[in-house]
Amino acid sequence: MELVLVILIDGLVYGLLLFMLSSGLTLIFSMMGVLNFAHASFYMLGAYFAYQISRYMGFWPGLILAPIIVGLAGAAIERFGLRKVHQYGHVPELIFTFGLALLIEEIVQFFWGKNQVPYDAPDVLQFALFSIGTNEIQAYKVFMIAISVLIFLCLLYVLTKTRVGMIIQAALSYPRTVEALGHNVPFIFMGVFGVGTALAGLAGVIAGPQLGTFPGMAFLLGSIVFVTIVIGGLGSLWGALVASLLIGWMTTFAASYNVAMADILMAFGFEMPEDMSEHALRDLWTLTLPQIGPILPYLLMVVILVFRPYGLFGKRDA
Amino acid sequence: MIKKTRLGVATALAVSLGASVAFADTVKIAFVDPLSGPFSPTGTNGFAEFQYAAEKLVNDQGGVLDGDMFEIVGFDNKMSPKESLIQVQVAIDQGIRYIAQGNSSGIAHAITDAINKHNRRNPDDRVLFLNYAAVDPALTNDACNFWHFRFDANADIKMDALTDVMAEDENLKKVYVIGQDYSFGKSVAAAAVRNLSEKRADVEIVGNELHPIGKVKDFTPYARKIVSSGADAVITGNWGADMVGLGKAIIDAGFEGPIYTYYAASNGITRTFGEQGTGHIYLVSEGAVNPPASDRTAAYVEGFEAKYPDHDITQPRIANTIEMLAKAINEAGTATDVVKVAQALEGMEHDSIWGGKLFMRPDDHQIIQNVDIQEHTSEGLQFYMDASEWGMKLVSEVEMAGMDSPTTCKMKRP
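Residue numbers (the numbering used here), protein chains in the order written: chain A, 1 to 318; chain B, 1001 to 1414.
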C-alpha cells in the first residue's frame, strides 16, 4: 500500500514532465501540421544551457535564463529555417526538423562531450522532504511537480482567458480566416514555436538533474512525446495533460510490479512446462511486467488510433 | 655453377634479412575498438592508455629485442562485430600481428573466432588476440583458443572476489541484483546468485531483475522496489547512462547501503555522482591507484594525467598487457613468430606495475591477478578521476583472485 502511494507520486513527476514537453509539441503540431522531430532536442538544449549557466551563476538563474534562450533559439529557427521550408510542403518540413535533431545532438557532443555532465539539483532542494515507509521523497521532486502544475495553469489561463489565446485557438482551426481578419499568422506561428520550445527547454532544465544530462537524453524521450500527443488528441492541452499522466503512471506502475506472465497463464489454467529451456513459448512464459512496461504506451496508442483516431480529447483528424 | 648458387643463396639471405630488419623496426599492435559514435569515450580512453603504455613501458626503455619500437595503430570498429572483422582483416593485411580489443564480449567472440580460422588457414601469417576487457567467461571456457589471451579478470572471477568481500560483512542479510537485459547483465546476475548462495546461504536475494538496456527513462520505480525490498546491498553490472541513472535514483530514494558495481567510475560517471556517491558506490576492478603500490606506479599515473588531462587510467590492465607482451617477445626472441610469443606468454609470471603478481594461466589463457574493491570518495586520494574532486580508493584486495577457478577450455595447440 505504501508503495502504491510512492509510485503515484513518482508517476506524477514523470507524467508532468512529459506534459511540459507534449504541451508545446501539440500546439506546434496542430498549428503547423508538422511533426517537430527536434522537439526533444530543445529539451536537451535546455538541460545543457542550464548546466552551463549553473556552473557560473547557480541553479536558479539557469531555471529562468535557459528556457528563454531555448525559446529565442526556437523562434529564430522557425523564422529563418522552418518558414522558408514551409512553402514546399510538409515533407521538406519534416526532413528539416529531423536534420535539426541530428544537428543539435552533434552540437551538444561537440561542446559538452559524449559523457554525462554533472548537472545537479540545487543544494537547498537536495534533502528528503518526507518518507513513505522506507522510501524517501526528495524535495526536488515536489519542486518539479510545483513548476509543472504552475506552467499548466499559466498555459490554461493564456489559452482560454486571454485575447492572445483566443487568436491562437482560432489560428489552430481556421488559419486562413484568422489571416483574413488581419492577424499576423506567421508571427503567431513563430510565437507558438518559440513558447513551445521554451517549455521543452524548461522541462530539460528541471529534468536534467533527475534523469541525467547526456547526449542521448533527447533520443530517449523523443518518441514517447509523440505518443503522448497522439493519445491526447492534437491541439488539446487537457488531452496532453491526461495522456502524459496516463503514460507516466502506466510506465511507473509497470516497472514497479513484477507481475510474471507465468502466473497469469497459470491462473488461466495453463500448465507450466517443466523444461523451459527447450520450450517453444519460453519467451512468453518468462515475460514479466517491467519488461513489457516500455511498450505499453505504444500499445495504448495503437488502441486509441483504432477506436478513437482523434485522440482522447482531440476535435479533428491528424 | 656452384658459385652462382652461392651467390643466389647469399642474395636471398640478404634480401630476407633486410626484409626482416625492416619489419622488426616497429612492432605494431592494432587497437580495434569504437573510436567514433556513442561508445567512443571508452574507446578513445583505452587508445590513449595503450599509446601511453607502449611509449613509457617499452619504447622509453629501449624497446624490445634489438631496439624495436611498439606502435599502436587505431582501427575504428564502430562497436559493430561486422565492422570489427573488416578492421581486423585490414590490420592483418597491413602485416600487423597483434590485435587488441576489449569493448563488448559479443565483438570479442566474433574476433576470436575469426582469428582462430585465419591462423588455421594462414600458418605463415598468424596473429594473436590480446583481449584487455571483454569479460564474458565463455571466452576462456567453451569458446577458448590458443590465440586468445585475456588480461582482464572475467565476470565470474570478479564476482567471486566481490562476494568474498561481501560475505565478510555479518550485517549483510538481503541483496538486490539488478542489471541490463542482455548477455552480460544475465551472467553477472547468475554469478552473483550462485556465489552468494555458496558463500552465505543465510543471505537472501530479495530481487533479481533485468531492465531494458539503454531504454529506461526514469529509474525511480526500480529504485523504489529496491528500497521497499529492505535490501542491505545492491549488485549491478550496469554501465554508461544506465549506471548513473540507476545509481542516482537508488540514492535519491533513500537507500543507505552500498551499491557494488563493475563500471561506475570515470568517463563522466565519477564526476556526475560527486558527493552523492560517497559511501554508496563501490567498484570491483584491478590496479587501484589510491594509494599507489609504489613510486613507479605513482610516476606512471602522474605522467599519464599530465599527458592526457581529459582521460583517466580506467583500465590499468592495459599497462599489464603491454608489459607482458614485450616480455614475451623478448623471451621468444621474435616478434613475428607469434606461436613462440604465445608460448612465452602462456604460464608467464610478471610483477605488475600496479603491485602484486600476474599469472597467465596456461590452461585457458585467463590472467590471474589481484582484484580490488574500491570506493567512491573524495578523501585520502592521491589521484582523482574526471578532473573532479572525487576518485576511487582501495577498500580491500583479493589476492590472485580465481587462481583455482575451474575452466572447461580444451585448447588445440599448434
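Think of the hints as simulated: they come from the structure by calculation, not from any bench.
Be careful, since some hints might not be right.
[Unchecked claim] Straight-line alpha carbon distances no greater than 25 Å define the calculated DSS-like cross-link-like pairs of lysine-lysine that follow: (1) A:114 / B:1056; (2) B:1056 / B:1327; (3) A:114 / B:1307; (4) B:1199 / B:1215; (5) B:1174 / B:1186; (6) B:1028 / B:1117; (7) B:1307 / B:1056; (8) B:1199 / B:1217; (9) A:114 / B:1215; (10) B:1028 / B:1078; (11) B:1215 / B:1173; (12) A:114 / B:1078; (13) A:114 / B:1217; (14) B:1117 / B:1412; (15) B:1357 / B:1056.
Bear in mind the structure is a predicted one, so any value in this text is a computation, not a measurement.
*Go through the numbered hints given earlier and state which of them the structure violates, listing their numbers in rising order.*
The structure conflicts with hints 1, 4, 8 and 11, although it agrees with all the remaining ones.
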